[in-house]
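**Student:** As a plain string of letters, each chain reads:
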Amino acid sequence: MSSSPSEQPTPGNVRYEMRDGGCLWVHLAGDWDIRGPTPEAVFPTKALKDAQSLQFDTSTLGEWDTRLLAFLDTLSRLAQDEQVKVALDDLPPGARRLLRMASAVPEYEATDDDRFAKPMAALGQRVLANASAARDMVTFLGETANSCWRLATGRAQIRWRDVGEVIVSSGPSALPIVTLISFLVGLILAFVGAIQLRMFGAELYVADLVGIGVIREMGAIMVGVVMAGRTGAAFAAELGTMQVNEEIDALRTMSVSPTDFLVLPRLIGLTLMMPFLCVYADLMGTLGGLFVGVTMLELGPMQYYIETKAAVGVSDFVIGVVMSLVFGALISFSGCYRGMRCGRSSADVGRATTASVVTSIVLLVIATAVITYVCDVLGV
Amino acid sequence: MSDEAHITVENLTMAYDDMVVQRDLSFVIGRGDIFVVMGGSGCGKSTLLRHLIGLKAPQHGRVLYGDTSFWDAPTPVRDRLMEQAGVLYQSGALWTSMTLTDNVALPLREHTRLKEREIREIVSFKLALVGLRGFEDFYPAEISGGMRKRAGLARAIALDPEILLFDEPSAGLDPISARRLDDLILELRDSLGATVVVVTHELASIFAIGSNSVFLDAEAKTMTAQGPPTELLANPPNDQVHQFLTRGERENATATT
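Sequences listed follow chains F and H, in order.
Once you know that position 325 of the first sequence is 325 in the numbering used here, the rest is easy, because the numbers rise by one and skip nothing.
Once you know that position 15 of the second sequence is 15 in the numbering used here, the rest is easy, because the numbers rise by one and skip nothing.
Hints are computed from structural coordinates only; laboratory data are not their basis.
Some clues are possibly wrong.
Per label pair, the in silico range of CB-to-CB distance [what the hints assert, rightly or not]:
id: 1; chain 1: H; residue 1: A204; chain 2: F; residue 2: L141; range: 32 to 42 Å
id: 2; chain 1: F; residue 1: V256; chain 2: H; residue 2: R113; range: 32 to 42 Å
id: 3; chain 1: F; residue 1: Y108; chain 2: H; residue 2: R117; range: 48 to 58 Å
id: 4; chain 1: H; residue 1: R179; chain 2: F; residue 2: P106; range: 15 to 25 Å
id: 5; chain 1: F; residue 1: A133; chain 2: H; residue 2: Q90; range: 14 to 24 Å
id: 6; chain 1: H; residue 1: G40; chain 2: F; residue 2: T253; range: 24 to 34 Å
Covered stretches of chain F, going by a simulated chain H footprint (3 or more residues, C-beta under 8 Å) [as the list claims (entries may be wrong)]:
id: 7; region: 30–39
id: 8; region: 71–79
id: 9; region: 102–108
id: 10; region: 272–278
id: 11; region: 334–347
Computed list of chain H residues with no C-beta within reach of chain F, every gap over 10 Å [unchecked claim]:
id: 12; residue: D67
id: 13; residue: D72
id: 14; residue: S124
Model, not experiment: these values are computed from the prediction.
Quick reminder that beta carbons are idealized off the backbone N, C-alpha and C, glycines included.
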């Protein structure tokens, strides 16, 4: 792509010369290479106003590539704005053809003004978007409830294999992380309690503290947080990617309800597994407390066990398990909701995943507060 | 077209772990060629392209750019070789979180020291070349699939590459856009002096632009023909090539008469 190859690149430059009859000559010289030095190129904005036509002189032009073409392209567009005729004939044939090709399709004029919305309009749009998002969430809740009803009446389009897969991925596969987290939480509770209780020689009550704390509240909450980050996020990413790949559209066009087919298995699988994980976390948390009790407070394991048994009532255990059930439903709901409402780009999948974890944890905390208050009122 | 070899493939065997896709591929792509890789679905055309652009290492054999063996070269040399190549992926592969301008400008910003004003001019020109002037500030999600593909082409040619590789360029385009793309490929070859490798099974394109080609057979797991497509049509070396290039139609025609 050269008219006269030269070893040392000379920076490209352009000179304008007005000749008779309003003919503006453009003298192109030097090398115009995108990896070479910057050419001295200015646009003859003033001269174009007086010019009738544009002629090119390339007798001293060196190497050239896109850099020259982009310059000429901008120049000829400026010229066209001023109704100046551009004679491309004196350009190298390759450049001439590419420039013609570039102007073959007319410029698309964006008619859509709200791409560049004003601040006030943007604010209004955000409010409206939030309102419609809220409505959308309720709609999704309704669709899910409908699906559940169809499931109860045996009409849901659900693949039980999928439920099994969700059970495996959100149940047994989650055990290691649940073990670690709940053991450590039990341990931490015991530590914090021990420091206070030791001051009046009531070390034994660490068992009560850990027992009630873990079994009634923390077990379920910790499992909830772990599953929100682990499985809820996975749901959102999975469904979001399916949305991007038009897999969800494919289900719709085959009149298979995506809610039945995709949301129900996840909802059922995770909600079923949560109580089991919660019981397991209760056990692990208590073991964490026991570990501190035995190694630090010199309590006997049997003594610790008896104290825990005395302190923790059936109602504490039941409340924890019920809470975990609620959490399971909330986490799978927000994961699926964010995934199903994902946009069409890879960035949207990331956003959906983040939003799912945030939504899950917010819902989880709100639910804990509500359940705790209700239990207090009911006196359980 | 010249006789100078630009890309040489020697005894290339491609495999995913134990599953051999194609073996013993040897061919030469001349400088300025428009080289068509053809073959039925699943015969390993795209895999071959992945070997040519350095995304996948061959199990055996070599890929040479000029005299440099790509996979034996150190990473900096490979990077430099790849900088000279522009790739158009099957569905455009635009970065969805960036506008078209940012997509096309990324290679310019990374590999040149151009000023922002010049980058904008070049981007606008490249988009105009593919018929997308005016779409600079759009996101890939806001334009159609065919437009995304053309924007992908604008990005591939951002740095005036010496080698242009196309994976199914006309799939998903309407006939007129496909034809325009063919014209553009020819034009880029002529004016940039680029070597073009096209993976396709679009017959119209193959005959319109292909100056040389290789036919990959899925069952034989190797290449069964090479040469200019029009010559292969005139003297098909085997049945598969003949059926492929005639869409199996002549066969049916003789069967019914």
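**Student:** Honestly, do F/V256 and H/R113 meet the 32 to 42 Å range at C-beta?
**Tutor:** Between F/V256 and H/R113, where Cβ atoms are some 54 Å apart, the hint is violated.
**Student:** Just to be sure I understand the hint, the distance between the Cβ atoms of F/A133 and H/Q90 should be within 14 to 24 Å; is that true here?
**Tutor:** Violated, since F/A133 and H/Q90 (Cβ atoms, about 34 Å apart) do not stay within the stated range.
**Student:** Closer than 8 Å, Cβ to Cβ, for at least three residues: run that test on the region 272–278 of chain F against chain H and report holds or violated.
**Tutor:** Violated - the region 272–278 of chain F has 0 residues with a Cβ nearer than 8 Å to chain H, which falls short of three.
**Student:** So does F/Y108 sit 48 to 58 Å from H/R117, Cβ to Cβ?
**Tutor:** With a Cβ separation near 22 Å, F/Y108 and H/R117 fall outside 48 to 58 Å, so the hint is violated.
**Student:** Using the C-beta atoms of H/R179 and F/P106, is the stated range 15 to 25 Å upheld?
**Tutor:** The hinted range 15 to 25 Å holds for H/R179 and F/P106, with Cβ atoms some 18 Å apart.
**Student:** Given the range 32 to 42 Å, decide if the beta-carbon distance of H/A204 to F/L141 lies inside it.
**Tutor:** violated (52 Å)
**Student:** Within the assertion that chain H covers the region 102–108 of chain F, do at least three residues meet a Cβ-to-Cβ distance smaller than 8 Å?
**Tutor:** Satisfied; 7 residues make the cut.
**Student:** Three residues minimum, CB to CB under 8 Å: does the region 71–79 of chain F make the cut for coverage by chain H? Let me know.
**Tutor:** Held - the region 71–79 of chain F has 3 residues with a Cβ nearer than 8 Å to chain H, which meets the minimum of three.
**Student:** Mind verifying the non-interface call on H/D72? Its CB should be farther than 10 Å from each CB in chain F.
**Tutor:** holds (26 Å)
**Student:** Going by Cβ atoms, does H/D67 stay more than 10 Å from chain F at every point?
**Tutor:** holds (21 Å)
**Student:** Is the Cβ of H/S124 more than 10 Å away from each Cβ in chain F?
**Tutor:** Given that some Cβ of chain F is not farther than 10 Å from that of H/S124, nearest at about 7 Å, it is violated.
**Student:** So is the region 30–39 of chain F in contact with chain H by the C-beta rule, three or more residues under 8 Å, or is the coverage claim wrong?
**Tutor:** With 3 residues closer than 8 Å to chain H, the region 30–39 of chain F meets the three-residue bar; holds.
Against the hints set out earlier in the document, violations occur for numbers 1, 2, 3, 5, 10, 14.
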